[in-house]
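Asker: Residue numbering for the sequence shown is 1 to 192, as defined by the numbering used here.
To be clear, the hints were calculated from the coordinates, so they are not data collected in a lab. Mixed in with the good hints there might be a few duds.
[What the hints assert, rightly or not] Pairs of lysine-lysine, DSS-like flavour, derived with a Cα cap of 30 Å:
(1) 21 to 189
(2) 21 to 103
(3) 103 to 175
(4) 133 to 157
(5) 92 to 21
(6) 175 to 92
(7) 74 to 189
(8) 157 to 74
(9) 92 to 103
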Amino acid sequence: MLRTRKRRPLTPRALLVGGFKTWQPDLYLYYEDYMLRLRRAHPHLRWNWEPCVFAAATFNLGPRSIAHIHTDHKNFAAGWCGILALGNFDPKKGGHLVLWDLKLVIEFPPGTVMYIPSAILRHSNTTIAQGEKRRSFTQFTAGGLFRWVDCDFQTKKKFEAQGFEHDMNGNERWKDASGRYILWEELLKRAS
Numbered sequence: 001m002l003r004t005r006k007r008r009p010l011t012p013r014a015l016l017v018g019g020f021k022t023w024q025p026d027l028y029l030y031y032e033d034y035m036l037r038l039r040r041a042h043p044h045l046r047w048n049w050e051p052c053v054f055a056a057a058t059f060n061l062g063p064r065s066i067a068h069i070h071t072d073h074k075n076f077a078a079g080w081c082g083i084l085a086l087g088n089f090d091p092k093k094g095g096h097l098v099l100w101d102l103k104l105v106i107e108f109p110p111g112t113v114m115y116i117p118s119a120i121l122r123h124s125n126t127t128i129a130q131g132e133k134r135r136s137f138t139q140f141t142a143g144g145l146f147r148w149v150d151c152d153f154q155t156k157k158k159f160e161a162q163g164f165e166h167d168m169n170g171n172e173r174w175k176d177a178s179g180r181y182i183l184w185e186e187l188l189k190r191a192s
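Using the sequences and the accompanying hints, generate a full structural model.
Answerer: In structure tokens:
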């Protein structure tokens, strides 16, 4: 069923990828560069959708999808995770996105897309009422894929055993990637 579905236009996928490209164009290009290099090195890999810069997707089909407090520690730390809320529930009463480290509780109505750095922000969502349904569609990329590309398509251990060194240390890589975040004011400037 999934293979058949993937051949048809998938609006949730388009929402997540299009929104990412719109709201964080520099970070999107960073992802795109890595995924294109990965694809050139490993042409046998199948992509979830075309075009897509996220390497992975999860369908949480519920019927009452609830995420307990967690981080997605294997996701790309400086990257974003796109989440699309789906279902039939009252967003005023439940299904809120909770960003614990920022002390925020955000209404998350069905059909809404949110992007968060899920590897570094503790997050969860609140329960919904009996009889309501909540599902979600999420796209993300593991940090290990970025490391694989940076290590010339081999493990870090093998890369370093061959005497190679990284162009940047971990802190520098973090600053390089997270430095691509664009604030609202910058987006407005670029749009005018």
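Asker: Has the given pair, residue 74 with residue 189, been kept, meaning a C-alpha gap of at most 30 Å?
Answerer: Since the Cα atoms of residue 74 and residue 189 sit roughly 34 Å apart, the hinted pair is violated (cutoff 30 Å).
Asker: Tell me if the straight-line CA distance from residue 92 to residue 103 falls inside 30 Å.
Answerer: Status holds; Cα separation ~18 Å.
Asker: Is residue 21 close enough to residue 189, meaning Cα to Cα at most 30 Å?
Answerer: 16 Å, holds
Asker: Checking one constraint from the list: CA of residue 21 to CA of residue 103, max 30 Å. Satisfied?
Answerer: The given pair, whose Cα atoms are some 27 Å apart, holds under the 30 Å limit.
Asker: Is the hinted pair residue 133 and residue 157 satisfied, with a Cα-Cα distance of at most 30 Å?
Answerer: 45 Å, violated
Asker: With the threshold set at 30 Å, check whether the alpha-carbon distance from residue 103 to residue 175 stays at or below it.
Answerer: 24 Å, holds
Asker: Would the hint linking residue 92 and residue 21 be met if the CA-CA limit is 30 Å?
Answerer: Within the cut-off at roughly 29 Å; holds.
Asker: Do the alpha carbons of residue 175 and residue 92 lie within 30 Å of each other, as the hint requires?
Answerer: It is violated: about 37 Å lies between the C-alpha atoms, which goes past 30 Å.
Asker: Is the straight-line distance between the alpha-carbon of residue 157 and that of residue 74 30 Å or less?
Answerer: 18 Å, holds
Going through the hint list in order, the structure does not satisfy hints 4, 6 and 7.
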